[in-house]
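Colleague: What follows is each chain in one-letter form.
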Amino acid sequence: MNRIESKNLQVYFGDNHILKGITTEIPKNTVTALIGPSGCGKSTFLRTLNRMNDLIPNFKKEGEVLLDGDDIYSPRLDVADLRKKVGMVFQKPNPFPKSIFENVAYGLKIHGHDDKEFIAQKVEESLKSAALWNEVEDKLDNSALGLSGGQQQRLCIARTIATNPEVILMDEPCSALDPISTTKIEDLIQKLKKEYTIIIVTHNMQQATRVSKYTSFFLHGEIVESNFTDKIFVEPKEQKTEDYITGRFG
Amino acid sequence: MNRIESKNLQVYFGDNHILKGITTEIPKNTVTALIGPSGCGKSTFLRTLNRMNDLIPNFKKEGEVLLDGDDIYSPRLDVADLRKKVGMVFQKPNPFPKSIFENVAYGLKIHGHDDKEFIAQKVEESLKSAALWNEVEDKLDNSALGLSGGQQQRLCIARTIATNPEVILMDEPCSALDPISTTKIEDLIQKLKKEYTIIIVTHNMQQATRVSKYTSFFLHGEIVESNFTDKIFVEPKEQKTEDYITGRFG
Amino acid sequence: MGFSKIIPPKIAQKIMNGVFIASGIVTLLILVLILGYILVKGLPAFNLEFIFGNPIDSGKEGGIFPMIVSSLYVTLIAGLIATPFGVGAGVYMVEYANNNRIVRLIRFGAETLASIPSIVFGLFGLAFFVVFLHLGWSILSGGLVLAIMALPTIFQVSEVTISSIPNSYREGSLGLGATKWQTIYKVVLPAAIPGIVTGVILGMTRAISEAAAVMFSVGASIQTPISIFDPGRPLPLHLYMLATEGISLEKAFGTAAVLVILVLIITIVTNLVVDRYQRKIMGK
Amino acid sequence: MQKKKKLVEYLIEKGLFITAIFSIVIILIIFIFIINEGIPAISEYGFLNFIFGMTWAPSDSQFGVFPMIIGSICVTLLSLLMAVPLSLLCAIFMAEVAPDSVRKVLKPVIETLSGIPSVVYGFFGLIVIVPLIREQFGGTGFSMFTASLILTVMVLPTIISVSQDAIRSVPSEYREASLGLGATNWQTIKNIIFPAALPGIITAIILGMGRAIGETLAVIMVAGNVPLIPGSIFDPLRTLTSNIALEMGYATGIHYSALFTTAIVLFIIIIVLLLVAHYFQKKYSMDAYGGHA
Amino acid sequence: ERINIVGSTSVQPLGEKLAETYTENNNVLINVQGGGSGMGIRSSHQNITDIGMSSKELNNEEKKELEELILGQEGIVISVNNENNVNDLNIGQIKNIFSGKIRNWKEVGGKDLNIEVITREEGSGTRSAFEDLVMEDSKIKADAIVQSSTESVKQSIVSNPGAIGFVSYAHMSDDVKSLLVDGVDVSEETIADKSYKLQRPFIFLINGEPKDSVKEFLQWVYSPEGIKIIKEEKIVPPNSTQILKYQELLK
Ligand SMILES: Nc1ncnc2c1ncn2[C@@H]1O[C@H](COP(=O)(O)OP(=O)(O)OP(=O)(O)O)[C@@H](O)[C@H]1O
Ligand SMILES: Nc1ncnc2c1ncn2[C@@H]1O[C@H](COP(=O)(O)OP(=O)(O)OP(=O)(O)O)[C@@H](O)[C@H]1O
Ligand SMILES: [Mg+2]
Ligand SMILES: [Mg+2]
Ligand SMILES: O=P([O-])([O-])[O-]
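Chains as they are written, first to last, in the numbering used here: chain R, 789 to 1038; chain A, 789 to 1038; chain X, 182 to 465; chain U, 2 to 294; chain F, 914 to 1164.
Careful: at least some of the hints might be erroneous.
Straight-line distance between alpha carbons at most 25 angstroms, and here's what the computed SDA-like set of lysine to any residue pairs gives [as the list claims (entries may be wrong)]: (1) K1107(F) with T1154(F); (2) K222(X) with H1084(F); (3) K361(X) with T812(R); (4) K1008(F) with T1154(F); (5) K880(R) with N992(A); (6) K283(U) with D803(R); (7) K361(X) with D869(R); (8) K904(R) with Y458(X); (9) K1141(F) with S429(X).
Hints are computed from structural coordinates only; laboratory data are not their basis.
Make the full structure from the sequences, and use the hints.
Modeller: Listed below in structure tokens is the structure:
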């Protein structure tokens, strides 16, 4: 069953035509990887799925995006609800100027949880899943802005999973991480995919192979090819895809 | 000959002891890679080499850092000069809120260049070296803040090399880049190393192997092992190093 | 960037360092001069009776306790009214307003409000609050006039501060499913607090030091006001009368000194609190 | 639950909208009030006569405010000319150059300065500055220059505090990027920080300008209040605000109304000055981003 | 129970003193509010205050609607800098100085020094009285420095050796020197017997029949206790026939 469908999605920033007719389907409870050269529109596509681009003043969209068959751009839909369901880890880590604990607790609190014990436990659990607990357990009250780049990135992952979204969008979640943290995040993704639908942008082909079932290859705002990951990396249909994954591109 | 030496370098942020006695030598006209798990102090070390940490209010340092034999923390030394010589690409891309062109031209202008043609040519050259020219040549006047994550990263690389520093510090310059852009940046590094001294932080072991001659492995604010890259990855002396590079760590 | 062409950057830096430090020193000198002048002239009048006593003989003798109470009273009312309106308007302008014309109109309105002479506010307060709304000469009328005067400062400073909060914070919060208001309330406003407080302090200090605007609205009773419908006489008004009618210049400067010390205490305490808060959230 | 949340959001937005248009409503009420009171003088004396008349002599039913228009504009501009550079330099000093400890002392003290009542500034000017100016520059000492000097000191705290905050809220990433390229502190301030903080700085200047043009009691004491066009900056003058404040207490009938007409003229001038300020704001904030974001 | 008194800032201190003493023994609140004589006249006229205060006589039109209760007469003192060696001026000289015909102190027997005229704002009670009594058909010169209060006139004279101005007698001090006018020195006696010419009334205004508490207060003002306070404030109270008339009126 498909969780998300996009139909002939066109995105413009002002006069720039960024996404040029994206039609694709993201199946439920799997990991889908988006790959493609820098600037091809992966982040833009991801940010269209939880309506994050609405914040950009000159953003314009045509076409449809469906979540469980409902148009997410319908005026009747509550955007906050959508974003609660569709969580996101951003490309640049963006912790709040709050303590480490408060960063992770934030999502829980805004969704109405006020049981302190529950929150504390959930925060710990999320930080452990994001492989950050050991490094921060004795400084949970420190500001999150004093963390290293990779630590901030893991914090943002913890913050997102703490609220149990149903779909998780990850924009290069491991780009600032060392191999060990990366492995831990990949393990986490494996664990999550049983219940969640995950879309991950990555520049690391190995990572795509390791974690995802499906892969879409983006180029210049279009999807060149979508397929099972093991297919796409072994016998790509398109020449361009092959060029890209073998590094012959450009 | 050694370009940079650090002798028993200790760094504190407030009460936190971050670097615990770093003694190392960075040879001239080579590429040295710094590896190690997230949060171990790589960025902090790098930022100590061009005195960027001076900006952090509760930063404290002990020990010495020498550039060509001169103490860079000597009060007689001009920090702007130092930073002009020792250029830096930051971990989080940080373009100025200016146009793409102005971002790259900035360094040239502050160093007194005012020949428009020279600047335009130098900007083009730098953007080409950073593999960004094709994507931005027809929107040089647009704001740099509208670029994608990877584009911003390449812009920051272009901005740094435009001013011809003698030493270049790169904090994960390829973390947001696709394989092709990565290859181009690595080519650039290969080209630069003939005349420049380069220190690069990376989480990508393959990248370290491809570009660097020496590698230092950081752990918990200390250097566990420094050696020729091909040595360190093939027959590390320390158990911890081996654990880390084989991914068995943690 | 013309500078670097004529003067080498390093020399420019040296020159500018000199200029900055000089301007800092000049400002400091002005401060010391004025504060010193007030304190030197005012401290002789200072004693416990002056602060806690009632005025005798129109203020020629005695103390200024009722005036201290009136001042704190009207300023508090002004702050309680102007802060939510000012900050609320700032939030609206940055986070909600999407009609450029309304935004510009509102901003223009606030700026005009900020430039209206206090005497006009005074007359307006008399005509509108005292007479038209039948609030009489009272702490409430005076507080309302001061609230209107403080409003534009609080509003504009809040707007500037809120708009300088990085978008990535908003995205982070919205991305977790927070509603717009939750995002504003829990992420944007806390990050903007230091700047907003500057605005509120500036607005309040303007209110607490205002004589002309309250002259026609708060009354001038020398009794200590109890309810908000009692008339009162804030310090600046008392000071104005003592000084201009030649009642007692000594007591006038004493009153000024009390006012300055009062404001100094308020700003120092607020700044300390904000500083601690900022260190807590920014971790620096 | 769902509905309730939506309703709350809706109500908050509308509530905030009301706070936002509040200033407009107040301005309108004030406008109506002033125009209403000013109309008798306009219809009797004529608006153009009023604006361009050179003589102000209420006892002779002469109500020309032209000298005061000149007075208000001159005093405001001259004080901004002195205050803006000094306060911006001081703001930069506090935000970028001074050590933390200095800033922590300076900030509250400067804010305190804006809490000193105008009367005190007035007396300080009258007793200390006026004689000083007379001895140094001749004339009576009551002058445009004296008034501007006092106004300068009065607007300093506003401009310094607000622009200091604007400068400090420029993300430190920009600062690091510039310094990392070997820019000196001053180059960084001039080329990166200042442009990024410019919108806030202009707001600070506009607030300061508002304070300068609206200040009354202090100006009355040192400007001399002679309703004639000043020949030099050391001549006395009268501003529109002083004119209102000076005579409001006694005026009755058409004279009273004429003072409100003075307020109308003042409004017009404020609006013109604001339009000019906005023109600059627009021009320079475009430059700061070197194109469109 | 509250009584509002609004108006002349010159009368305000006296009003306050009266209020202060009266409220000590009576269960009533009195709010004495400044604003100027014009404000006092307007407020009584619009009936937003119980009592108005004015430091100048009303014009005929105003008199029709409001009742004037004279509290007393106050002197207007011609004052100069303490270093000035001129001691006496006649009304004609004062007029010529203020109208700008005489511009140097040596013309009236003083040092060779420019005369700097300080005046009060148009409409002020003090200035109106001065103009009525001294200036007659001529006007105060247009480039005279205008100050808005007794104290700022005084301070302007203190710091300027060539200055001349007029201030109210109640607030005279040693900071400045008072001149004889037509050879008469200002004092309570010379004001009372009208030999000192420059004087003006302090007035309470009522509009129609005042409420009881106001009546009681005003009756008290014209009682010996009230008159004593008026005298203490260096104001010369009305003569006894006048007082009797007011007491009758306020019954
Ligand atoms: N400004 C700061 N204040 C306090 N602690 C800090 C600050 N910056 C970094 N740290 C701490 O110093 C340690 C080292 O940080 P650093 O940024 O050098 O790590 P790193 O090796 O670069 O990690 P990464 O690969 O995640 O970027 C971390 O534990 C971090 O939390
Ligand atoms: N706010 C914006 N305004 C204008 N153009 C934008 C904006 N954001 C992105 N773009 C442009 O849209 C294109 C796609 O950007 P996007 O961020 O989606 O790329 P990406 O595939 O995520 O690249 P990367 O791997 O470098 O992050 C780029 O050319 C970029 O310059
Ligand atoms: Mg991206
Ligand atoms: Mg790092
Ligand atoms: O306030 P006045 O007494 O001068 O009218």
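Colleague: Indicate, hint by hint, whether the structure satisfies it.
Modeller: How the hints compare with the structure:
1. K1107(F) with T1154(F): At roughly 17 angstroms apart (the allowed maximum being 25 angstroms), T1154(F) and K1107(F) satisfy the hint.
2. K222(X) with H1084(F): OK: K222(X) and H1084(F) at ~20 angstroms, within 25 angstroms.
3. K361(X) with T812(R): The given pair, whose Cα atoms are some 30 angstroms apart, is violated under the 25 angstroms limit.
4. K1008(F) with T1154(F): Roughly 34 angstroms between the alpha carbons, so the hint for K1008(F) and T1154(F) is violated.
5. K880(R) with N992(A): This hinted pair holds, its Cα atoms lying about 18 angstroms apart.
6. K283(U) with D803(R): Since the Cα atoms of K283(U) and D803(R) sit roughly 23 angstroms apart, the hinted pair holds (cutoff 25 angstroms).
7. K361(X) with D869(R): Roughly 12 angstroms separates the two Cα atoms, so the pair holds.
8. K904(R) with Y458(X): Holds, at roughly 22 angstroms.
9. K1141(F) with S429(X): Holds, at roughly 22 angstroms.
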